[in-house]
Amino acid sequence: MDLYRAWSVVDGFRGHDRVRLNWFVIGREKPVAPYEELIKDYDSDDAEIVYDHLVVKELLTLQELEELRQYITNTHNTEIFAEKVELPVRRGGLSYSLVMMSGQDDFIFLPEEAGYNLSVNILAHYDLKGCPPAANIETVEALEGLENWELRFLQLCLQELGILSFDEDALAEIAKKVSDSHGLAVVRR
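Position 12 (the sequence shown) corresponds to 13 in this note's numbering; numbering is contiguous.
Keep in mind that the hints were calculated from the coordinates and are not lab data. Among the hints, a few may not be true.
To be verified - So the derived label-pair ranges between C-beta atoms look like this:
1) GLN64 <-> VAL100: 21 to 27 angstroms
2) ASP47 <-> GLU161: 27 to 33 angstroms
3) LEU172 <-> ILE50: 47 to 53 angstroms
4) LEU63 <-> MET102: 23 to 29 angstroms
5) ASP18 <-> GLN64: 15 to 21 angstroms
6) GLY28 <-> GLY104: 17 to 23 angstroms
What the hints assert, rightly or not - Result set (EDC-like, lysine to aspartate or glutamate): computed pairs, CA atoms no more than 20 angstroms apart in a straight line:
7) LYS31 <-> ASP46
8) LYS41 <-> GLU84
9) LYS130 <-> ASP107
10) LYS85 <-> GLU49
11) LYS31 <-> ASP18
12) LYS130 <-> ASP106
13) LYS85 <-> ASP18
14) LYS41 <-> GLU87
15) LYS31 <-> ASP47
16) LYS31 <-> ASP3
17) LYS85 <-> GLU38
Beta carbons: idealized from backbone N, C-alpha and C, even for Gly.
Please work from the sequences and hints to get the whole structure.
Right, dumping it as structure tokens:
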């Protein structure tokens, strides 16, 4: 049994560049192999073993990795990187599920997207600390005219929703259409 960790690195995500999105499976009921094969020095009597269960349940099989790669490439035009995990894993690893249970909200929920059809639920965790500001944010300030600010506002809204790829020309047309037909505009504070 081969298991994998997967990630993407994206620019322009929530106002930052070079943001690493760590993809993981959530909600897997049973491990893909016996825990004794997946976790080094497995001890079912250890009260803390449940944390190690979470870690190995988050790893992707080759089939799940390929499904994710195809989905992310097609829907977000983003590349997936992966590494094979050396099994059995060491005990005491930190799972993203546990990070989520702690109340952090730095996650992308792929199953909430329209058209999501993967065989397992896959989320991504990200951390913006240490990521440089997006290059296009600095250049936007040099642009003049209301339409450019409307466009930038829409871009940031889509990025906040986790939509990593979109046609900027179409977005500009939509912003102009909304402004012209509804009298709505984005103004800079």
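Verification of the hints:
no. : hint                                 : verdict
1   : GLN64 <-> VAL100: 21 to 27 angstroms : holds (25 angstroms)
2   : ASP47 <-> GLU161: 27 to 33 angstroms : violated (41 angstroms)
3   : LEU172 <-> ILE50: 47 to 53 angstroms : holds (49 angstroms)
4   : LEU63 <-> MET102: 23 to 29 angstroms : holds (28 angstroms)
5   : ASP18 <-> GLN64: 15 to 21 angstroms  : violated (32 angstroms)
6   : GLY28 <-> GLY104: 17 to 23 angstroms : holds (18 angstroms)
7   : LYS31 <-> ASP46                      : holds (18 angstroms)
8   : LYS41 <-> GLU84                      : holds (19 angstroms)
9   : LYS130 <-> ASP107                    : holds (11 angstroms)
10  : LYS85 <-> GLU49                      : violated (25 angstroms)
11  : LYS31 <-> ASP18                      : violated (36 angstroms)
12  : LYS130 <-> ASP106                    : holds (14 angstroms)
13  : LYS85 <-> ASP18                      : violated (26 angstroms)
14  : LYS41 <-> GLU87                      : holds (10 angstroms)
15  : LYS31 <-> ASP47                      : holds (19 angstroms)
16  : LYS31 <-> ASP3                       : holds (16 angstroms)
17  : LYS85 <-> GLU38                      : holds (15 angstroms)
In summary, the numbered hints that this structure violates are 2, 5, 10, 11, 13.
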